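Reading the sequence shown from the start, the letters are residues 0 to 79 in numbering that gives the first Met the number 0.
No lab work stands behind these hints, which were simulated from the structure alone.
Here the structure is a predicted model, which is why all the values come from computation and not from measurement.
Note that CB positions come from ideal geometry on N, CA and C, so glycine has one too.
Take these hints with a grain of salt, some might be off.
[Unchecked claim] Derived pair list, reagent style BS3-like, types lysine-lysine, alpha-carbon separation capped at 30 Å:
1) 58 to 41
2) 58 to 18
3) 18 to 38
4) 58 to 38
5) 41 to 18
[As the list claims (entries may be wrong)] Cβ-Cβ distance ranges computed for the label pairs, FRET-style:
6) 46 to 4: 29 to 37 Å
7) 64 to 42: 34 to 42 Å
8) 59 to 38: 24 to 32 Å
9) 70 to 24: 18 to 26 Å
10) 58 to 5: 34 to 42 Å
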Amino acid sequence: MSPLPDHERPHRIISDIVKVLLDSQERDWEDLGSITFRKRAKKVALEPDNCFDIQNAQKMRPRMRIDMTVDPPPDLAIEV
C-alpha cells in the first residue's frame with residue numbers, strides 16, 4: 000500500500016529542515032530516501048521514511064548499492 004499524504008508530509012518537512020540546516024553549516028550530505036536495510040541472516044529489515052549520509056556522503060555517493068556488512072550506516076534516519 001502506498002503511503003498517504005498525512006504520512007508523507009511530516010517526514011518531507013523534517014527532511015527539508017535537515018537539508019536547510021546541513022546547507023547552512025556547509026556540510027556535505029546525500030539524501031538516500033526510503034532505503035531498505037536487510038539482515039538476511041536474521042530475516043529482518045528496516046526501512047526509514049528517509050535517511051542521510053553526512054559524514055560519509057562523498058565516499059558513499061557513487062555507490063548504487065549499500066552493503067551493510069562493509070559500508071557504514073547512514074548518519075541520520077527519519078521515521079514518522
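The hints, checked one at a time:
For a cut-off of 30 Å, the pair hint linking residue 58 to residue 41 stands: about 28 Å separates their Cα positions. For the hint linking residue 58 to residue 18, the alpha-carbon distance of about 19 Å falls within 30 Å, and the restraint holds. Using a Cα cut-off of 30 Å, the hinted pair residue 18 and residue 38 holds, with the two alpha carbons roughly 29 Å apart. Simply put, residue 58 and residue 38 have alpha-carbon atoms about 22 Å apart, close enough for the 30 Å limit, and the pair holds.
Restraint check for residue 41 and residue 18: the C-alpha separation of about 33 Å exceeds 30 Å, so the hint is violated. The given range of 29 to 37 Å is broken by residue 46 and residue 4, whose C-beta atoms sit roughly 19 Å from each other. Hint check: residue 64 to residue 42, Cβ distance near 19 Å, so the stated range 34 to 42 Å is violated. For residue 59 and residue 38, the Cβ-Cβ distance of about 19 Å falls outside the hinted range of 24 to 32 Å, so the restraint is violated.
Taken as a hint, the range 18 to 26 Å holds for the pair residue 70 and residue 24, whose Cβ atoms sit roughly 24 Å apart. The hint said 34 to 42 Å for the Cβ distance between residue 58 and residue 5, and at roughly 36 Å that hint holds.
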